[in-house]
Amino acid sequence: KNQVEQSPQSLIILEGKNCTLQCNYTVSPFSNLRWYKQDTGRGPVSLTIMTFSENTKSNGRYTATLDADTKQSSLHITASQLSDSASYICVKTRGAGSYQLTFGKGTKLSVIP
Amino acid sequence: NAGVTQTPKFRILKIGQSMTLQCAQDMNHNYMYWYRQDPGMGLKLIYYSVGAGITDKGEVPNGYNVSRSTTEDFPLRLELAAPSQTSVYFCASSYRASGRVTDTQYFGPGTRLTVL
Chain L
1 KNQVEQSPQS LIILEGKNCT LQCNYTVSPF SNLRWYKQDT GRGPVSLTIM TFSENTKSNG
61 RYTATLDADT KQSSLHITAS QLSDSASYIC VKTRGAGSYQ LTFGKGTKLS VIP
Chain U
114 NAGVTQTPKF RILKIGQSMT LQCAQDMNHN YMYWYRQDPG MGLKLIYYSV GAGITDKGEV
174 PNGYNVSRST TEDFPLRLEL AAPSQTSVYF CASSYRASGR VTDTQYFGPG TRLTVL
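Taken in sequence, the protein lines are chains L and U. Residues 1 to 113, numbered by this note's numbering, are exactly what the first sequence covers, in order. Residues 114 to 229, numbered by this note's numbering, are exactly what the second sequence covers, in order.
Check each hint, because a few of them may be wrong.
Said to hold, decoys possible - In silico DSBU-like links for lysine-lysine, alpha-carbon gap of 35 Å or less:
#1 U:Lys157 - U:Lys170
#2 L:Lys57 - L:Lys108
#3 U:Lys127 - L:Lys105
#4 U:Lys170 - L:Lys108
#5 U:Lys157 - L:Lys108
#6 L:Lys105 - L:Lys57
#7 U:Lys170 - L:Lys71
#8 L:Lys108 - L:Lys17
#9 U:Lys127 - U:Lys157
#10 U:Lys127 - L:Lys57
#11 L:Lys17 - U:Lys170
#12 U:Lys127 - U:Lys170
#13 L:Lys17 - U:Lys157
#14 L:Lys108 - U:Lys122
#15 U:Lys127 - L:Lys108
#16 U:Lys122 - L:Lys57
#17 U:Lys122 - U:Lys170
#18 U:Lys127 - L:Lys17
#19 U:Lys170 - L:Lys57
#20 L:Lys57 - U:Lys157
#21 L:Lys108 - L:Lys71
#22 L:Lys71 - L:Lys105
#23 L:Lys71 - U:Lys127
Calculated from the structure, these hints are not laboratory results. Source: prediction; values computed, not measured.
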């Protein structure tokens, strides 16, 4: 069983709207939790990296949150743009101090005009 | 600064053939990684390297080999290709300073491999 579960699998929103993507993880502890953006046919690109002790991290219109008590993270996208259409992947390290990553399956976001 | 480059972009192999996927980075990163991404699945680590001459197995190493003779290059070798190795392969690199765990991994554009 994947230690990282993401929801929804896919999402369609209108340009300019906000959205929130969810990530639930099992097995603690870990050293950090990451969000990546992957455009179709391209490699993933890092959006945010949060350590276990952080509960929020922003990168422009992207804001990630982390709740270690409930083992949940979310990625909030503000004022969506057509270029935000991509898969968003939640990733956690395998353990404290580990550099091996466990990837979620991703949420496919489509932003339509 | 090209970042992480991978060749080829696409390749079709017959069962039993061998090939090498090339990966190079020009960012002087010490860590390099090979992942595979199957349709609808999360990326899985095949092999990684923490520096020239040092490699180790990841989650799914069977059927693959790697070497790291220089800081820049990290080729992935497929021996006796099988249909189960049909996937998209991504190389990544990062700079990890001693005691730090928040290094950003930079990914290449991927190689789409089909084994028939």
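Status of the hints after comparison with the structure:
no. : hint                : in the structure
1   : U:Lys157 - U:Lys170 : holds (12 Å)
2   : L:Lys57 - L:Lys108  : holds (21 Å)
3   : U:Lys127 - L:Lys105 : holds (29 Å)
4   : U:Lys170 - L:Lys108 : holds (30 Å)
5   : U:Lys157 - L:Lys108 : holds (19 Å)
6   : L:Lys105 - L:Lys57  : holds (22 Å)
7   : U:Lys170 - L:Lys71  : holds (28 Å)
8   : L:Lys108 - L:Lys17  : holds (16 Å)
9   : U:Lys127 - U:Lys157 : holds (23 Å)
10  : U:Lys127 - L:Lys57  : violated (46 Å)
11  : L:Lys17 - U:Lys170  : violated (43 Å)
12  : U:Lys127 - U:Lys170 : holds (25 Å)
13  : L:Lys17 - U:Lys157  : holds (33 Å)
14  : L:Lys108 - U:Lys122 : holds (23 Å)
15  : U:Lys127 - L:Lys108 : holds (32 Å)
16  : U:Lys122 - L:Lys57  : holds (34 Å)
17  : U:Lys122 - U:Lys170 : holds (24 Å)
18  : U:Lys127 - L:Lys17  : violated (47 Å)
19  : U:Lys170 - L:Lys57  : holds (32 Å)
20  : L:Lys57 - U:Lys157  : holds (25 Å)
21  : L:Lys108 - L:Lys71  : holds (22 Å)
22  : L:Lys71 - L:Lys105  : holds (17 Å)
23  : L:Lys71 - U:Lys127  : violated (44 Å)
Violated hints, in rising order: 10, 11, 18 and 23; the structure is consistent with all others.
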